[in-house]
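What follows is the residue order along each chain.
Protein chains: 2
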Amino acid sequence: MAKKASTKTPKRANAQELGAQQREISVSEFFSKNRHLLGFDNPKRALLTTVKEAVDNSLDACEEAGIMPEISVEIQQVKGREDRFVVKVADNGPGIVKEQVGRIFGKLLYGSKFHRLKMNRGQQGIGISAAGMYGQLTTGKPVEIISKTSDDGPAEYMEVVLDTRLNEPKITKERQISWNGHAGTEVRIELEGHYQRGKWSPDEYLRQTAMANPHVSIYYRDPDGRELRCESATGMLPDDPKAIKPHPHGIELGILINMLHQTGSKKLKSFLQNDFCRVSERVALQICERAGIYENARPKRIARQEAESLLDAIKDTKLMNPPLDCIAPIGEEQILAGLRSNVEAEFCFAVTRKPSVYRGNPFLIEAGVAYGGKIPPDRSAKLMRFANRVPLLYQSGACVMTRSVQQMNWKLYKIDQPQGAMPVAPMLILLHVASPWVPFTSESKEAVASYPEVEKEITLALQEIGRKLRIFRNKQQRSKEESRKRKYIERYIPHIGQALQNILEFPDAERERLTEQLTRTLEKTRTG
Amino acid sequence: MAKKASTKTPKRANAQELGAQQREISVSEFFSKNRHLLGFDNPKRALLTTVKEAVDNSLDACEEAGIMPEISVEIQQVKGREDRFVVKVADNGPGIVKEQVGRIFGKLLYGSKFHRLKMNRGQQGIGISAAGMYGQLTTGKPVEIISKTSDDGPAEYMEVVLDTRLNEPKITKERQISWNGHAGTEVRIELEGHYQRGKWSPDEYLRQTAMANPHVSIYYRDPDGRELRCESATGMLPDDPKAIKPHPHGIELGILINMLHQTGSKKLKSFLQNDFCRVSERVALQICERAGIYENARPKRIARQEAESLLDAIKDTKLMNPPLDCIAPIGEEQILAGLRSNVEAEFCFAVTRKPSVYRGNPFLIEAGVAYGGKIPPDRSAKLMRFANRVPLLYQSGACVMTRSVQQMNWKLYKIDQPQGAMPVAPMLILLHVASPWVPFTSESKEAVASYPEVEKEITLALQEIGRKLRIFRNKQQRSKEESRKRKYIERYIPHIGQALQNILEFPDAERERLTEQLTRTLEKTRTG
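Protein chains in written order, with this note's numbering: chain A, 2 to 529; chain B, 2 to 529.
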């Protein structure tokens, strides 16, 4: 109904002038201006994020190549500049082929993990190149990479800068060098940062990484030269999670239409069988029939309208859940080992739930708890969050794991809890969300978004923990009771003996015999 | 130090195989998989976000062209599909030149506002194309655009789809049509959504938009056919904020190096003067001298090392704050008008702070409050958040405005407040952050990140409000006191009269005279 503008102020710009201002924005321009979205909003966090992205990449590469990861992390302060650090991360992985090095480290949104459904630490193709971009932005220095793809022969040394205007890598230096006795990759990034120990520190991140990845060996040297070594606690790699095809129930119309146009299959039936998981020939035929589309129709020919009824038909068809070997859990034993290595507790328990599905994506929840012992009491429980074995340190408040712990009623399990807050107890809780596609709340991947299905599974895991805790607490109380009684007896029986002696006037020997006997009988009645 | 891997499980993939999996990820692929980042994580929010992006664009266009905005918003439910809606937004703006239509609506990260420092509603070049992409993803339908760049002559009708794999627009239909009697743009998006009234509804968004933009006329027709009309409350447009050049103190090394390479200036001195704001010739020379670089050096020739000392020199140089005409505040009067139009309150107050600067970006805080009257008491105060005149409805918890209100000590101003929570009072608070670069916490632009400078300014604004509130509350209490006294007198004097009559036995007339006199005298003593 918008009618002719009644009032007009002196004309400012017309369509042509406005049109002339329109420009493309490269994704790297966007993220360098919005780098808080990537976890680089302050120097302290930037340092952590850089270490994190480099280590996650190394671990993914080693595991994909079937190599027991050995990671070396060094953070050095740049001389005379207390706000500048060099982060150096080296691994014993398969190395990176020369022609890929530039794009992997010097181009945002480039990687191997985005286009497949497989459980990995990385999934966006942003992390490490973003770290490089931040370093470049704050220090003007290129990223230095050493890559060696075979145990013998030379290694490639390269310096890469990212052209932010084009989001394209520029290799400014490259030469062959001799390096290590084995294949591997080393990345060196100089950046503006701030180093501080404790919560949110690289130290903490690496400690927790070792905890959730007991197969990994980590060597760490902090800016003060102090060293930390975590030797691999287990002789074997976790199973290699399989990449799966999308599950029909997770598909949206637009995606389906794209798939129809891009598929290699010549017939609708085979398209359904080949491009999705859990679609047998029988099911495929069922779907075609329901949709009222000829099973041999050429996928590319299917119009929007038909695609829509096809999707409706898919939604109405019962299907098996997606296969679950695309997820490799940490495992209850490993979680327990991790917890024990981390704190001296009286009671530890861990649970790995069965996989479940959200939006066609399989996911799996694991939980662990350590209670009592040397854990300080009368404090809020500590929560350690993990996604695909990666510790999440920031944005706890925005994370579904934190919310689930807070919203659970711990009083039911004899644990104190202020209304809707973290429980207050000598307790360390560990939560792990594993999935080929973890729904993070931002590119910095520090918090998991709360899909109802995910929240529900987490709560179920926490309840299992709660029940076990209650049983333990009960035992604990009984034995307290016992020892109280024992003390009681020990304290008073001698006096009784004395009193009897005074009344009956028998010798000391007699008194001692009596007290002993009394003690024994009472012990019996109590324990019996 | 990573040494040769001791254990190896059967080889899984080598560098070549891994390298072969590396692929570019288009920004549209990224965001369609991560669309919760853009505000499309559930059908209800998706509907709101779509309306929001379209309206914000219309308002920006009208104002840039100097036209009093008249916006028409219609949401229709698609027949037989209660989860599908058509959002139609039309304006009386300048229209869009034909060659730009495709990219503006069918390409992410394309726009006129990202590369300049000017206060706008949009700033990322994502919003409207993301809405189109979401519609396409959920319904397979293209975006329909009508654009007319002159009051007479035909209009262009186009249908645009976004090729997610390439992040490029495809124009699937185009023809000339006759439309309206004036220039303008209409966009039509069909999407999967959920409509619900109240908080977080398009209705609420439009109501608040009218409130913060009293110059705008809005016509709105909701899916149930109910109409809302907000006529422009003022005859004039807000000042057109100017675009400014970056302020030297907000620059980082990497940016500086890029600018040095891209500048048109031939000499360092002129580069500093022309490419930044607040750098006079004198200051430019100062900087060059401090940095120990020849003032006529060719910018392109300046090496990283020199750039670094140049930046240090800039940081050590005192500079005027950036010019502030790049911000157009709502203004205290308009805020008051808006509040009054929104609620019947006993007390309203508004404040527009002086502009301030974070990271070289100027910004300005405005705050308003409505108290008492018909606002329900004993509830948490309601907070309305605005950024560059756009209402923010979601992610309140993540926003610096919310936090500032919660962290302020309202008890100091005689307002109840549970520890660290929203104050509890019959109170409506309005906050507005205006800046050429608002630091949002995510691409969905629903929450402002908490930079210390911003938080401080917000708190100062809230304190001004608090002081005014305290004064009002005190007045209020005094007058309560008064009326209490009055009632008291009115209630008891007759009895006193009666009592005296009984004792002194005078006629009723005498009693009446007496009571009247008593009342009068007491009135005097009280008011006197």
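Accuracy of the hints is not assured; some may be wrong.
Chain copies aren't distinguished; within one or between two, either way the pair holds.
With a straight-line cut-off of 27 Å between C-alpha atoms, the simulated BS3-like cross-links for lysine-lysine are [unchecked claim]: (1) 316 with 45; (2) 415 with 301; (3) 457 with 486; (4) 34 with 319; (5) 476 with 171; (6) 45 with 476; (7) 246 with 80; (8) 171 with 267; (9) 80 with 316.
Hints were generated in silico from the structure; no laboratory data involved.
Hints the structure fails to honour: Checked against the structure, the hints that fail are numbers 2, 3, 5, 6, 7, while the rest are satisfied.
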